[in-house]
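Enquirer: Each chain, written out:
2 protein chains.
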Amino acid sequence: MAAPSHPPTPAPSQPSKLSIQRHVHGKRVLVVTNTTVAPLYLEKVTWALTHDNPNVSVESVILPDGEKYKDMDTLMKVFDKAVESRLDRRCTFVALGGGVIGDMCGFAAAAFLRGVNFIQIPTTLMAQVDSSVGGKTGINHPLGKNLIGAFYQPQCVLIDTDTLNTLPDRELASGIAEVVKYGLIRDAPFFEWQEKNMSALLAREPSALAYAIKRSCENKAEVVAQDEKESGLRATLNLGHTFGHAIETGIGYGAWLHGEAVAAGTVMAADMSYRLGWIDDSIKKRTIDILDQAKLPITPPEAMTVEKFKSIMAVDKKVADGLLRLILLKGPLGSCVFTGDYDRNALDETLRAFCKS
Amino acid sequence: MAAPSHPPTPAPSQPSKLSIQRHVHGKRVLVVTNTTVAPLYLEKVTWALTHDNPNVSVESVILPDGEKYKDMDTLMKVFDKAVESRLDRRCTFVALGGGVIGDMCGFAAAAFLRGVNFIQIPTTLMAQVDSSVGGKTGINHPLGKNLIGAFYQPQCVLIDTDTLNTLPDRELASGIAEVVKYGLIRDAPFFEWQEKNMSALLAREPSALAYAIKRSCENKAEVVAQDEKESGLRATLNLGHTFGHAIETGIGYGAWLHGEAVAAGTVMAADMSYRLGWIDDSIKKRTIDILDQAKLPITPPEAMTVEKFKSIMAVDKKVADGLLRLILLKGPLGSCVFTGDYDRNALDETLRAFCKS
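Chains as they are written, first to last, in my numbering: chain A, 1 to 357; chain B, 1 to 357.
In short, the hints are calculated from the structure, not lab data.
All of these numbers come straight from a predicted model, not from anything done at the bench.
Don't take each hint at face value.
Put simply, identical chains are the same to the list, so a pair is met inside one copy or across any two.
Listed below are the simulated DSS-like cross-link pairs for lysine-lysine, each with C-alpha atoms no more than 25 angstroms apart in a straight line [claimed, not checked]:
| id | residue 1 | residue 2 |
| --- | --- | --- |
| 1 | Lys196 | Lys229 |
| 2 | Lys310 | Lys214 |
| 3 | Lys330 | Lys77 |
| 4 | Lys308 | Lys81 |
| 5 | Lys295 | Lys196 |
| 6 | Lys68 | Lys81 |
| 7 | Lys214 | Lys229 |
| 8 | Lys81 | Lys310 |
| 9 | Lys77 | Lys285 |
| 10 | Lys295 | Lys44 |
| 11 | Lys196 | Lys81 |
| 12 | Lys27 | Lys284 |
| 13 | Lys196 | Lys77 |
| 14 | Lys44 | Lys356 |
| 15 | Lys330 | Lys356 |
| 16 | Lys284 | Lys44 |
| 17 | Lys285 | Lys229 |
| 18 | Lys284 | Lys310 |
| 19 | Lys196 | Lys44 |
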């Protein structure tokens, strides 16, 4: 993050302060954050934006915390604040928080006056390794996740791993689900590194966290640079997400964290890949083991029935002309495909294996 | 418009039908229209989309008619219909109606699943000469017009001047306000043509309407091609709109038609330009005369006070770092500037001259 630990007595040349100020356009900033993060970091970020920089003024809007508030009503609070504050096209929106805040602030920045400057300051591992990078923004519809939004790139993403010191264990594990994903879909050496260093990550060893974040962002940036608008390759970043989004929608937004749902979804995707004969048993087993070691769920919640999965997955963004395409593992560790060309029986078998009804 | 007059017995090679089908992506279409236009044209458009084309299925959502429904609640009805119909990324949204429908459908298309294909079928003169071309989409905020939206280009704009046969006189005049604008800001010969042909336009002579629409679209396309995101030149298309938007917001959306507010705003901009010494008296007079001849308002409504204008104009999208920039006429007929560099007294004088308090 851009803010130093002790705002009152910084060195004037503090690089973190300069790094954020350099990316602000215009004289007005709107920080979008939530009730959990604001008491911890809003003052520090405001200081970093305004110190030695009297021309800049900062407004903030503090949203309720949680996936269940990632909706149009809450988004309107950002527009209300921006309009009431008379912000103009030269302003900058700053997302200070986790993935929900980043996605909502980004979409608000994309749509306010048809687009203003936007900076991401992710404060959760989930946002640092995944959602803050790549420009996917949006909100949920009651019937499906992230169905309304925009591709809109931030001017920059500022990551301070110190913010992870205040992150609850469950949230940390949630982010690890996405770290595991990069290993599985495209980076076998990174997966093997995770297998060796999972206890260091869970113990929040700074060097382990820093390496996991750096390697994750590199993987994500490489994929997004090749396919920003998700015509193909980028979809592979959604390993486990079709099942996972169905879980999030099916049991009510916020009941499970995003990474928890993705973890169970990743196990289901690995199971289906194995049933198709596309991966050998050891990759499926290693997938389950590493997620289990991270204390993430490896089965969906009991409330999820086969029918519930099917009806929600039918509105997934990866459906094309009625055909559900999935990201599945195929080949050696670190390889996957994005395809609608698979045996439907394997999907049915996986759903039946993981659901009680 | 794409639909022929007699859907049941068309020639198979009907060019209008082919022209819309060629621009549809995928197999699913959502037509967004309103309660006024749907009874007139929805069946024809559905026919044009599906005739000889059994793979395509058409859904529709019929919104209430009017500027006061250009809001987030109404926009959500489009998303609700799209999600409930399980439309996917390969679908096409079709805007069938005037400027409000085009702006809302376009923004919905930009945001649904982060962007789907989109066709404009404008049925009002206003939409045919201005709003359907150029990719500005959006909705109003209670405190200001078009404050939430996206730049999102339609795949194509299909114009059938026959739809103007069902357009009320007041709506026709509203569109003429934008036609006059093109003459004033950049096309003196077109303005002179309008002075000679205004009665033909008001009498809806097909060749006059066709020429006015063609020349307007050409002017708009030339400007937008040079400056899609409105970094400068494109703003000149907003002559009279800063005053006009203030009128629309100030007296409540829908009380005046957009073009009516723009007409009064254009007279105010001409008045201010004259006070600044930037145009001579004859241009101001010809501006008032042509708008008056089109039976458009040439003064703002009585409810608009100086203070009301000022407070609403302060949130206009063309404010930059607190400075209100305006489009003003300058030089010979057909010339204008977009600038924040003008004597504030001239603005005050214009507001006082046009407002009773």
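Enquirer: Output the indices of the hints that this structure fails to meet, ascending.
Expert: 1, 2, 3, 9, 10, 11, 12, 13, 14, 15, 16, 17 and 19
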